[in-house]
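Novice: Below are the chains, spelled out letter by letter.
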Amino acid sequence: MASKNFRVLPGFRLTLGYTLLYLSLIVLIPLAGVFVKTSTLSWEQFWHIVTAPRALASYRLSFGASFLAALVNVFFGIMVAWVLVRYEFFGKKIVDALVDIPFALPTAVAGITLTALYVPNGWIGQLLAPMGVQVAFTQLGVFIALTFIGLPFIVRTVQPVLEDFDPEIEEAAASLGANRWQTFRRVILPMLFPAMLTGFSLAFARALGEYGSVIFIAGNMPGKTEITPLLIATKLDQFDYAGATALAVVMLVGSFAILLTVNLLQWRSSRHLARV
Amino acid sequence: MAQQPSPRAGLIDMGDTTTFFRDTRHEPHRRATAEAPWVRRLLITGALSFLGIFLGMPLVSVFAEGLKKGLGFNFHTFLDPQTLSAIKLTFIVAGISVPLNCVFGVAAAWAITKFDFRGKNLLITLIDLPFSVSPVIAGLIYVLLFGAPGPFGTWLSDHNLKIIFAVPGIVLATTFVTFPFVARELIPLMQAQGRTEEEAARVLGASGWQTFWRVTLPNIKWGLLYGVILCNARAMGEFGAVSVVSSHIRGETITIPLQIEILYNDYNTAGAFALASLLAFLGLVTLVLKTWIERKKAAALRAAEMDLIT
Chain A
158 MASKNFRVLP
168 GFRLTLGYTL
178 LYLSLIVLIP
188 LAGVFVKTST
198 LSWEQFWHIV
208 TAPRALASYR
218 LSFGASFLAA
228 LVNVFFGIMV
238 AWVLVRYEFF
248 GKKIVDALVD
258 IPFALPTAVA
268 GITLTALYVP
278 NGWIGQLLAP
288 MGVQVAFTQL
298 GVFIALTFIG
308 LPFIVRTVQP
318 VLEDFDPEIE
328 EAAASLGANR
338 WQTFRRVILP
348 MLFPAMLTGF
358 SLAFARALGE
368 YGSVIFIAGN
378 MPGKTEITPL
388 LIATKLDQFD
398 YAGATALAVV
408 MLVGSFAILL
418 TVNLLQWRSS
428 RHLARV
Chain B
613 MAQQPSPRAG
623 LIDMGDTTTF
633 FRDTRHEPHR
643 RATAEAPWVR
653 RLLITGALSF
663 LGIFLGMPLV
673 SVFAEGLKKG
683 LGFNFHTFLD
693 PQTLSAIKLT
703 FIVAGISVPL
713 NCVFGVAAAW
723 AITKFDFRGK
733 NLLITLIDLP
743 FSVSPVIAGL
753 IYVLLFGAPG
763 PFGTWLSDHN
773 LKIIFAVPGI
783 VLATTFVTFP
793 FVARELIPLM
803 QAQGRTEEEA
813 ARVLGASGWQ
823 TFWRVTLPNI
833 KWGLLYGVIL
843 CNARAMGEFG
853 AVSVVSSHIR
863 GETITIPLQI
873 EILYNDYNTA
883 GAFALASLLA
893 FLGLVTLVLK
903 TWIERKKAAA
913 LRAAEMDLIT
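Protein chains in written order, with my numbering: chain A, 158 to 433; chain B, 613 to 922.
Everything labelled a hint here was simulated from the structure, so no lab data went into it.
It is possible that some hints are incorrect.
[What the hints assert, rightly or not] Mimicking SDA-like on lysine to any residue, the simulated pairs with C-alpha atoms at most 20 Å apart in a straight line are:
#: 1; chain 1: B; residue 1: K732; chain 2: A; residue 2: L421
#: 2; chain 1: B; residue 1: K909; chain 2: A; residue 2: D321
#: 3; chain 1: A; residue 1: K249; chain 2: B; residue 2: G765
#: 4; chain 1: B; residue 1: K774; chain 2: A; residue 2: D394
#: 5; chain 1: A; residue 1: K250; chain 2: B; residue 2: A911
#: 6; chain 1: A; residue 1: K381; chain 2: A; residue 2: V207
#: 7; chain 1: B; residue 1: K909; chain 2: A; residue 2: A254
#: 8; chain 1: B; residue 1: K732; chain 2: A; residue 2: L180
#: 9; chain 1: B; residue 1: K700; chain 2: B; residue 2: K833
#: 10; chain 1: A; residue 1: K250; chain 2: B; residue 2: M669
#: 11; chain 1: B; residue 1: K833; chain 2: B; residue 2: R907
#: 12; chain 1: A; residue 1: K250; chain 2: B; residue 2: F662
#: 13; chain 1: B; residue 1: K681; chain 2: A; residue 2: N278
[Unchecked claim] From the derived model, a few chain B residues whose C-beta atoms are all more than 10 Å from chain A:
#: 14; residue: G684
#: 15; residue: T766
#: 16; residue: V779
#: 17; residue: K833
#: 18; residue: G852
#: 19; residue: A916
Glycine included, C-beta positions come from ideal geometry on N, C-alpha and C.
Bound conformation, chain A alone (with noise of 0.2 Å):
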């Protein structure tokens, strides 16, 4: 053997061979299925199923929640991360750990918890009911649902930021004549970006796939609380395989770019924080 390939450590083309075997047939097989399904289908064929009147209302309903979630989930979940680091309260170290119910509790378990909460007769619904908010089986139920889904994404992911943080910078900051919220804008706020920024992809890209959590609380009315991965699930029901696979392409494709997105965003503002 030579001795530039003599490796001191035993078995790695045995993990290495099983790791690939095992990825390929649970995870790259099974999902390149569905390219090799649609190609099956001609264009036309798969344009007019993907923009389907249903299926583009779908689509601006899941993404369009999805976003906003994902935007509320980044305010809120700066704050908690903020408020978990910084300050000291009565029973922070639960409260730390609460944040991860979302990931904790099965989504059909928070999708019909959510729907009673918010039905006009739950907990918060009877409050909501009488300022003429209805948030059951509304487009404003999917957004709720989701942004409960999101949350701990973004608290995770900027919390760790926030613990590392060196107290010097602020100091500086201080020193040089910037008060609190100069210094946590210009200087604190553009440091955790890229953390916020990876929270938020997590937190869009599940949020598009959720299903559990949504379905109870949604109404799934087509055209107007239906989400997409319901359509994709409706027309399997019906045995419409080839409509299926069509709507997870559109959805596969959509998620993989705004990881992908993200990721180059993130990579040019780690450059741009090497930089300075």
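Using the hints, position chain B against chain A.
Specialist: Same frame as chain A, but now just chain B:
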């Protein structure tokens, strides 16, 4: 972590000269890098209100609804033969998916962290892929592969084998959605721990397996357990992917989350919430275990960093 600022930290005692400008002796001093008390109170109130409404209320509500009819009703619901078989199937599915992904996670982390090869970053990205795929699509891909019109459809039906709309399909879909949990937990941990300990063991004459069992495994046990617990929680609670590949035959291809949906759609809201509170309880146990292991894991990571310094 925020420290309580000492009142005069960073200030030069200027004696009485400060009174020349303004008598600040009775005002509490605030560090230049701390927020005004009202800002702090506002932020804490804002954050806690948001968490209370969006996370706290659902958690309290699931148990309030789930225990409304008393524990006796809950046990009655759990002992219903259909529900019982759903509970059994959930344990079987998790019992297969979790060990599969656990073995994969260890193998992948070993290959990625103990060796250098090209395309490593691509491999890590591909391992994370299932997290960015909708659960519904996770179910769909197996329907396309093993369903009647798929490439294996005819062969499977000729041999009287069923994957889709049967238990193997549920296991596959669950394995897909929980695929990255163990691997993505172990990769950063083993990267931080490095290779020196294993190399030392090998040089001292340990075999590959001995090195793994006696050196690596004790080092990664908390990270491994952490990944397994998250993987298990998701496996038991998965709804979308399982819903697509299940035939929805009561008592046969129904897991707990699917049974919750069935009870809910049957207008048996009390029964649905009784079962939901069982899963929510499992979720809380997961959270407690997770928080406990996080501390152990942090300690292991610190120990690894100390080793690197010394």
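Novice: Does each hint fit the structure? Answer for all of them.
Specialist: Each hint tested on the structure:
A distance of roughly 19 Å separates the Cα atoms of B/K732 and A/L421; the hinted pair therefore holds under the 20 Å criterion. About 18 Å separates the Cα atoms of B/K909 and A/D321, which keeps this hinted pair within 20 Å; it holds. The straight-line distance between the Cα atoms of A/K249 and B/G765 is roughly 54 Å, outside the 20 Å bound, and the hint therefore fails. Restraint check for B/K774 and A/D394: the C-alpha separation of about 18 Å stays at or below 20 Å, so the hint holds.
Our distance criterion of 20 Å between C-alpha atoms is met by A/K250 and B/A911, whose separation comes to about 18 Å. Straight-line distance between C-alpha atoms of A/K381 and A/V207 comes to about 17 Å, which keeps the hinted pair within the 20 Å bound. For the hint pairing B/K909 with A/A254, the CA-to-CA distance comes to about 16 Å; that is within 20 Å, so the pair holds. Proximity of B/K732 to A/L180 is assessed by CA-CA distance (about 14 Å); at most 20 Å being required, the pair is judged to hold.
About 28 Å separates the Cα atoms of B/K700 and B/K833, which puts this hinted pair outside 20 Å; it is violated. Restraint check for A/K250 and B/M669: the C-alpha separation of about 18 Å stays at or below 20 Å, so the hint holds. With a C-alpha separation of about 13 Å, the suggested pair B/K833 and B/R907 falls inside the 20 Å cut-off, and the hint holds. The straight-line distance between the Cα atoms of A/K250 and B/F662 is roughly 17 Å, inside the 20 Å bound, and the hint therefore holds.
Between B/K681 and A/N278 the alpha-carbon distance is near 19 Å, which keeps this suggested pair within the 20 Å criterion. With a closest Cβ-Cβ approach of about 21 Å to chain A, B/G684 is found to remain outside the 10 Å limit, as its non-interface label requires. Listed as outside the interface, B/T766 is consistent with that label: its C-beta sits roughly 15 Å from the nearest C-beta of chain A, beyond the 10 Å cut-off. The beta carbon of B/V779 sits about 17 Å from the closest Cβ of chain A, which is more than 10 Å, so the claim that it is off the interface holds.
With 10 Å as the threshold on Cβ separation, the claim that B/K833 sits away from chain A holds: the shortest Cβ distance comes to roughly 18 Å. For B/G852, the condition that its CB be more than 10 Å from all CB atoms of chain A is violated, with the nearest at approximately 3 Å. Residue placement check: B/A916 keeps its beta carbon more than 10 Å from all beta carbons of chain A (closest about 17 Å).
When the structure is compared with the earlier hints, violations turn up for hints 3, 9 and 18 and for no others.
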